[in-house]
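J.: Here are the chains, one letter per residue:
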Amino acid sequence: MWELFVEPWTMGAWMWRGTLAATLAAIPCALLGVFLYLRRMSLIADALTHVALPGIVAAFLLSGSVEPFTMLVGAAIVGVLASGAIEALADKGGVRSDAAIGIVFTAFFSIGVIALSVGVHDAHIDTACVLFGDVLGISNDSLILLGITAPVVCALVALFYRWLALVSFDKGLAANLGVPVALVHYGLMGAVSVTSVASFEAIGAILAIAMIVVPAATAHILCDRLPWMLVVACLHGVVSAVAGMYIAVWADVSAAGSIVCVGGALYGLAFLIAPRHGVLVRWWRKRSMDRPALPATSAPVVKGRIEPQPEVS
Amino acid sequence: MGAASLMTALEVAEIGARTVEFFSFKYAFVARALAASIMVGGLCGAVGTFLVLRRLSLMGDAAGHSTLPGICVAFLLAGSVSTLPIMAGALVSALLAAIVVGVISRGPRSRSDAAIGIVLSVFFGIGIVLLSHIQRVATTSYAGLDAMLLGNVAGISPEQLTALAVVTVVLGGATLLFLRPLSISTFDPSFAASVGIPVRAIHYALLGALSLSVVVSVQAVGVVLVSAMLIIPGASAVYWFKRMPGVLGTAVGLGALSGALGAWVSYIFEGVSTGPAMVLVATTFFLCSLGFGPRGGLLWRAVRRRERQRALVARADASTSASAYVEAGGGL
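If you're matching them up, the sequences are chains A and B in order.
Residue numbers 118 to 430, in the numbering used here, belong to the letters of the first sequence in order.
Residue numbers 188 to 519, in the numbering used here, belong to the letters of the second sequence in order.
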């Protein structure tokens, strides 16, 4: 039994590297995800992670290199562009905001896929890797990129924590107090884009949304205060990364997919048995409240039966 | 220079030849692909119009992504890529996803946008795990499964085409038959309920129709991009007409046209998947609608704003008093 847990770590550096990459991707995703979730912008994250694909491809086609920082810049620019396009469509074009998200990201993503299949003939960017990640064979460049972006994003979140919290909970108040709301907004969008590019090789374009939304949703069921929500979301991310890696090794299946599955399972658990808000817990509490667990001083009549008086100590 | 232009001339000739080939129905599979693309575009356009108007656009995204685990389970159980089990599996998991989105949205402290994100990504994650498992253990060919991701309309089988045609006819007929209650419950649910229209039943029927259309469309456009074919035609059509029949007709037309042109583009340029090609054509139509559509298009809005301003200025000029100018709206 014990060997089952130890053995993968002794089989080579890839397990260490993969777990490190997945963890480094999970933490910033979870942190940013909490703020997106609170602002009801989870699906913008879906759009931004998809949009990272054309950003990367464009950077590659323009610069001709697979140098990670070029791609990071490309993806961040395209990400901010896309979030601007979504807002412009919703505000000025009269498109419903959800439809605007759906239109912009599918259009950008299609451009990315086509450019990838027509313009790029390079082993370093192939469709499967970009879509689903390749965490077990993660490259040094990606690992270094994650090693830099993850602490930077965490530090930025810590630095601008008050602004982010204020904007998430009360935009109007934030604006009145002089917080640059638009700057915070686009900063958040840029950070999400950068993070999704950095985690590209670890998790892929399509599944990155899981690392952003699911930890935040789990944390929101479990916590009432923002700092705890951030901690729990990070924990959720790390636990699903490590457990997902184990499952990927044991069952020999896609690592990105298993990480997402573990995350989903943890969310399901929280949904059902969270101490205060879990569905089963609530149901149980409601049931025990319906029954006269602690009757009043006079003998209550329940369905025609007289309950025995409780002994008053 | 001369060589370059010769190259392009050759390329143009090649493209022309392939275009003639595509629209000539010389090969059965090409004809099937064209018919399938048109039907997928029209069907998704019709269903998607209601989704867009009901602010359910991203349910299409969830339904598309969530078909993947069903497809993989069906493949593992049936052991082949035969049409019927795969479609049944896809339908079951799409319906399941719709139910789970509903459960999560009504659950503790949840937000409906996050519910869609969670279901979409977790279902897709399960699908990817199963797909990687299949790629490792499969003894029979799983070649058809990869095409499900980004779509390959040329690979559509006669059975899939039949299923697509049946679903298109049935859902199209149902839409025409129930157009009134559908429209009323879309635009004013509380009024619809007060006149006895079963609003909830219509909502679930629409989700069912969405799942069905996604299932028959994934071969052509792929699970990742099917949502685009649902959202974009409907979102474009509202710029052209005000009344429901007009909007619906335009959405179906634009969808079908995007399907056909997308299939054509992916036929003449090798290596381009049909899904992204169709989406880009549809996006082009959307941008045209956004710019030039008579109902809320940017151009007409700008023209009307100019006219209003001019009328204001004219009125201000006509009255000699400065206060009237200010009262009329001031400024220029």
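Quick caveat, the hints were computed from the structure, so don't treat them as lab data.
Hints should not be assumed to be uniformly reliable.
Claimed, not checked - Listed next, with one range per pair, are the computed distances between beta-carbon atoms: (1) Pro376/B to Val269/A: 38 to 48 Å; (2) Val356/B to Ser180/A: 49 to 59 Å; (3) Ile390/A to Ala388/B: 26 to 36 Å; (4) Val290/B to Trp119/A: 51 to 61 Å.
Every residue, glycine too, gets a C-beta built ideally from N, C-alpha and C.
J.: Now tell me, hint by hint, if it's right for this structure.
T.: Verification of the hints:
no. : hint                             : verdict
1   : Pro376/B to Val269/A: 38 to 48 Å : 47 Å, holds
2   : Val356/B to Ser180/A: 49 to 59 Å : 51 Å, holds
3   : Ile390/A to Ala388/B: 26 to 36 Å : 33 Å, holds
4   : Val290/B to Trp119/A: 51 to 61 Å : 38 Å, violated
In this structure, the one hint that does not hold is number 4.
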